[in-house]
Structures are given as C-alpha cells and as structure tokens.
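S.K.: Chains X and E, in that order, give the protein sequences.
Just so you know, this note's numbering puts 25 at position 25 of the first sequence, and the rest follows in order with no gaps.
Just so you know, this note's numbering puts 53 at position 53 of the second sequence, and the rest follows in order with no gaps.
Keep in mind the hints are simulated off the structure, nothing from the lab.
Among these hints, one or two may not hold up.
[What the hints assert, rightly or not] With a straight-line cut-off of 20 Å between C-alpha atoms, the simulated SDA-like cross-links for lysine to any residue are:
hint, chain 1, residue 1, chain 2, residue 2
1, X, Lys-86, E, Asn-31
2, X, Lys-131, E, Gln-30
3, X, Lys-86, X, Arg-145
None of the values given here were measured: they were computed from a predicted structure.
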Amino acid sequence: MVNERKLPTFKVGLILLSFALASLPSAVAQDEGPSVTLMKYVGKAQEAMRAGRNQEARDEFRKAIGLAPKTPEYYIGLSDACYQMKEYDQVAFALQKVIELNPAMKDECAGEYGEALFHLGRYDEAIPLLKAGLRYIDSPAAKARRTAIAVAPPVTPISTAPPESVLRASAAPVEKKEAIPLPTHDPASSAGWHSIQHKHEDVDINKFNQTLAGAIRSEGIVIAEYQGYEKSDNINFFHPPKAKFRISKILKGPPLNKDMPVRFEFKERSVNTPAPAGWKFSEDKMPAKGSSWIIFLEWCTPREGMFDTYEGSFGRLPADDDNLNKVYAELEKHSNR
Amino acid sequence: MIFPARPLSLGLALALSVSSLSIGTASLAQNTNKKVEWHRCLITIYKSKSMVPQACEEYAALVALDPRDAQIRFEYGAFLHKMGRVKEAIVQYRKAADTNPLNPDYQGAVGDALVSLKDYSGALAYYQKAGPKFAGKLSTTSAYVNQLRQINQYNADLKKRQSEDE
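Using the sequences and the hints given, assemble the complete structure.
M.R.: Quick look at the structure:
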C-alpha cells in the first residue's frame, strides 16, 4: 500500500526554479540565451504552480523547454507539475532528461525518478534509484543544497508584456518558409490522398529535411503501424478522423501505450490553406492498413483523446529505409553525447 | 578596494533566522514524507518479488523514522505474521496496540498472533480489549479455554484417582 504524498507547502521544484531564474543566463547558456518569451513562459509556469494549476504549469514548462531544451531546471519544473497530476511517465521522462543534461544531479533526482519508475511498474530499475534517493536525502550535500535554496532570493515573474521594441529585438529573425505540398494535389486520383505509394512519390524529403530538425525536437517519435480509423459521419478536411496506430518502436520520448490514437490531419498546420475544392473524405484518403509510419508527436499527451502529430500531416512519414536513415541521423545529431 | 564587513542588524538577523527556521521545519517534514513514500515503494517491490529480508529491512527503517506510528508497526507485524515469524509479529502488534489502545484491529491482531502460538488465555485478554469487532473470536476462544480447563481438570482427577488406587 502506497500512501499518497501530501502536497508540499513549499515545493522544491518551485524553489529550484527560482534558483534557475536567478541564474538564468548561465542556465540557458547552452541554448539560445534567455529571451523575453522564455522568461514569460517560466514566470507563468511558476505562477501556475504556486496557484496549484498544475496542468497550466506543465504546458508552460513545455513551452519553455521548447525554447531552451538544454536547461535541466525546466525539466525539474515539468516533473514537479506532472508529479502532482500523477503523470508518472512524464515525470520519468523529465527526470531522465535532467540526469542526461546534468549528470551531477543524478543523486538529487534519484528518489523521485525511482518513485516514478515504481509507479510505471519498472521495479528493477526503480530499486537502485530509490535506495540512492534515500541515501542522498540525509547526506550533507542535500542539506547544503536545501540551505542554498532557503537563502536564494525570490524571483518575481514577468507579469506585464515588455515593450514592443524589446520583443522585436529578442525575437528570432522571421524565416520565410515555403509551404510543404500536400501529398497529392489530386484528391480525385485513384491512388488516393494519402495512399502509401503516393506518399513515397509526393513527399519531398529534401523539403521535409529543411525542418526535420524542428520535427526531431518533438517530445516523442515513434514507428507505428496504421490499423484503421474510427468511423464517423463528421469527418472533413478540418475535422480529421481518429486514426488507430500501434507502436512498434519508440525512437524518442516516454513510454506510451502501444495502441495510439492519432489525429489524422490532412493539412500541414503552419500553412493556412483552405480545404481543396471538392474535397470529400473517403477511405482512400487514409493510409494502407498495416503500413508503417514514423510519427512525430509534438507532445506525448493526447488532446481530446488523440495525439497531435508535429505540424499536422507534416509529422507523419512513411517508415522506409531512406526516411528512417534521415531520422536516425538527426536523432544522433541531437543526442547529448 | 576593500569594503569593511558590515555587521548584521539585529532585525535582519532575527528575520533571517525565523525564515530559515520555518523553511527548515517545512523541508524536514517534506523529507520525512518523501522517505516514507520511497520506503513504501521499496516494500511493495520487495513483497512482489518475495524478497522477505529486504522487505523487513525497509519496514524496520520505516518504523525507525517514526516509532510512534502505530499503523506502520501494525503493517510490519502483519507482514511478519504472514511470513510465519509470529513472535516478532507480536512485538510489533503489541507496540501498535500500546500506542493506540482504542484501535480494535491492533488489539485483535495481538489476540490472533497469540492464538497461533496457542496462548489462548493471553489472546482472550486482547480480544476483550478489541471489543465488539472481535466478539465472535472472544466467545469461541473463551469456550475453547473452558473446554481446555475441563480437560485439564479431568486429567488431573484421573491421575489423582489412579494414584489413590495404587
């Protein structure tokens, strides 16, 4: 029997975050540097955590991580928010990232990481971590850390929008992005909108490669087999069906249920295109059953019971050797070794 | 340029010590909660893997964290009892019952453990303390104790008669 942990009055994650904010330039030195947007996300996350709005805090931390993916403190914040909501897979994911990014924090995170793995049923991995956590918690290092946190100055989050000039100065240069063509511009073709053979021909892998680096930053990347979709009378271009995929391999991200419902979008989200004239949903607009896909999951949390793919239709790629090679190469490039 | 060290004003020192004291207390309680949680996780894991000595170690650590926690002692006792280590179980059950004498489960558990050691008279006392929840066990055990007394009495009489005849 495991007792539920009582909500701590003084959240350690929050304190760590204050700490991180106080030393923000060094914390994000590996990334692009602190931006007003980043500060805004972190401030919002911190406020949400204080008010107990854990879901909001989680989302804000994720946004912060999107901007500064190499700052361990934001992952700690994410893990703390997810812990309160008992999203242990997310806690495990976040703490694993913390340890990857800063191996010196291994002992500090061991207990919570072990606890998350325990709740995920990964007992063998959990035992050494829980023991290490218990050893660490009474160690002089932990006491010193607590004292340092106690005397850290409080940080006031940014509550008002900064002047436009600051925003403009801190904003990244606007990149002109060409629209990625839909798999086929001929919806009436017998081969179908998204049929596997057409996909091979029509997806311009070079164009995809231009932003593959962005796709690689998705929280999860999986190889999954298409198994069908949930039939409904209300499927159209902007109201896509729930496609059923079965995960065969997780290339990146937390462990997920093998049966994965995906919002099967027909458009690339960043491109503001209207529905093609005469477009009507039919089965041939879906992939061939049993076909294998690389799916980029922007966030590994479903929205309305379905996972969103990165940039809509852009985040699905046939899992052929060529594409797999490119994805593996990008993953290697982005690994922290 | 070297600045002379400024002495801490009394008010600031007081404020700092008070704030660090309250933080210290909060984090201490938080740490204890965490430790309890992690020990419990380990206990569940060891139980599922039938790693009895390790589970006992974790229970002992949990008891050491708060020796006045009757529930943990009761759970530890129940685990030892299940593993057949009845005498050790009784020690834990008794401490739980002494800490919280109004809990019928703790009193009844001592009674059950004593019954499994065939100490029926001892068990009766605990069943009586446990109250109505253990009324059934109390009546059964007291009936059995009476029967034992009668048997013992009969045997004693028999022996006496035999010696008189001889």
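S.K.: Please go over all the hints and tell whether each is borne out by the structure.
M.R.: Evaluated hints:
1. X:Lys-86 to E:Asn-31: Holds: Lys-86 (chain X) and Asn-31 (chain E) sit about 19 Å apart, inside 20 Å.
2. X:Lys-131 to E:Gln-30: holds (18 Å)
3. X:Lys-86 to X:Arg-145: violated (26 Å)
Of the numbered hints given earlier, the model fails hint 3 alone.
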